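Colleague: Please construct the entire structure, taking both the sequences and the accompanying hints into account.
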Amino acid sequence: MKDVEKYELRFEMRPGYLYAGLKCESMSFELARLYIQAVADKSRETGMLHVIIDRNCEVTLSNLMSFLAFSTFSEMAPPGFRMGIVDPDENNRKRLNFGLRSLEQFDVEVQIFPDIEEAEAWLATKTDPQ
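Residue numbers (this note's numbering): 0 to 129.
Please note that a few of the clues may not be correct.
Distance condition first, Cα-Cα at most 16 angstroms in a straight line; then the derived EDC-like pairs of lysine to aspartate or glutamate [said to hold, decoys possible]:
1. 41 - 88
2. 22 - 57
3. 93 - 106
4. 41 - 57
5. 5 - 44
Listed next, with one range per pair, are the computed distances between beta-carbon atoms [said to hold, decoys possible]:
6. 70 - 25: 20 to 26 angstroms
7. 11 - 75: 19 to 25 angstroms
8. 63 - 12: 31 to 37 angstroms
9. 9 - 32: 16 to 22 angstroms
10. 90 - 40: 26 to 32 angstroms
11. 78 - 121: 15 to 21 angstroms
Source of the hints: derived by calculation from the structure; they are not laboratory data.
Quick caveat, the model's predicted, so the values are computed rather than measured.
Where a beta carbon is used, it is the ideal one built from N, C-alpha and C, also for glycine.
Modeller: Here it is in structure tokens:
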């Protein structure tokens with residue numbers, strides 16, 4: 000296993016959603032699986048079905064690995080889960096969007112955004128039952 004622990008993930012409870020700030024210098028499927036699991040666990044722990052992951056990573060997975068990572072995520076996420084992923088890098092967003100195709104059959108919604116404001120506006124279009 001190659002340095003998959005070298006990432007930083009911090010959580011904040013914000014009005015209406017759980018914020019997850021992610022920083023990393025590299026990306027692997029194992030690292031993606033680890034932080035996705037941490038986000039799913041924190042969502043269950045807090046009861047928040049709305050999450051924003053703010054990615055500060057220079058790279059992302061390939062199209063295929065992104066597809067597999069989102070497929071893995073769909074098995075962990077609770078029904079009705081909505082997540083906005085923020086990544087300012089257009090190439091990263093394209094790969095992440097390719098991965099979203101694996102979620103079409105699950106009761107989770109994920110969208111990719113270039114900035115936090117757009118992600119917050121999208122999440123606000125549907126309120127938590129809390």
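Colleague: Under the constraints set out in the numbered hints, which ones does this structure not fulfil?
Modeller: Hints 1, 3, 4, 5 contradicted; others consistent.
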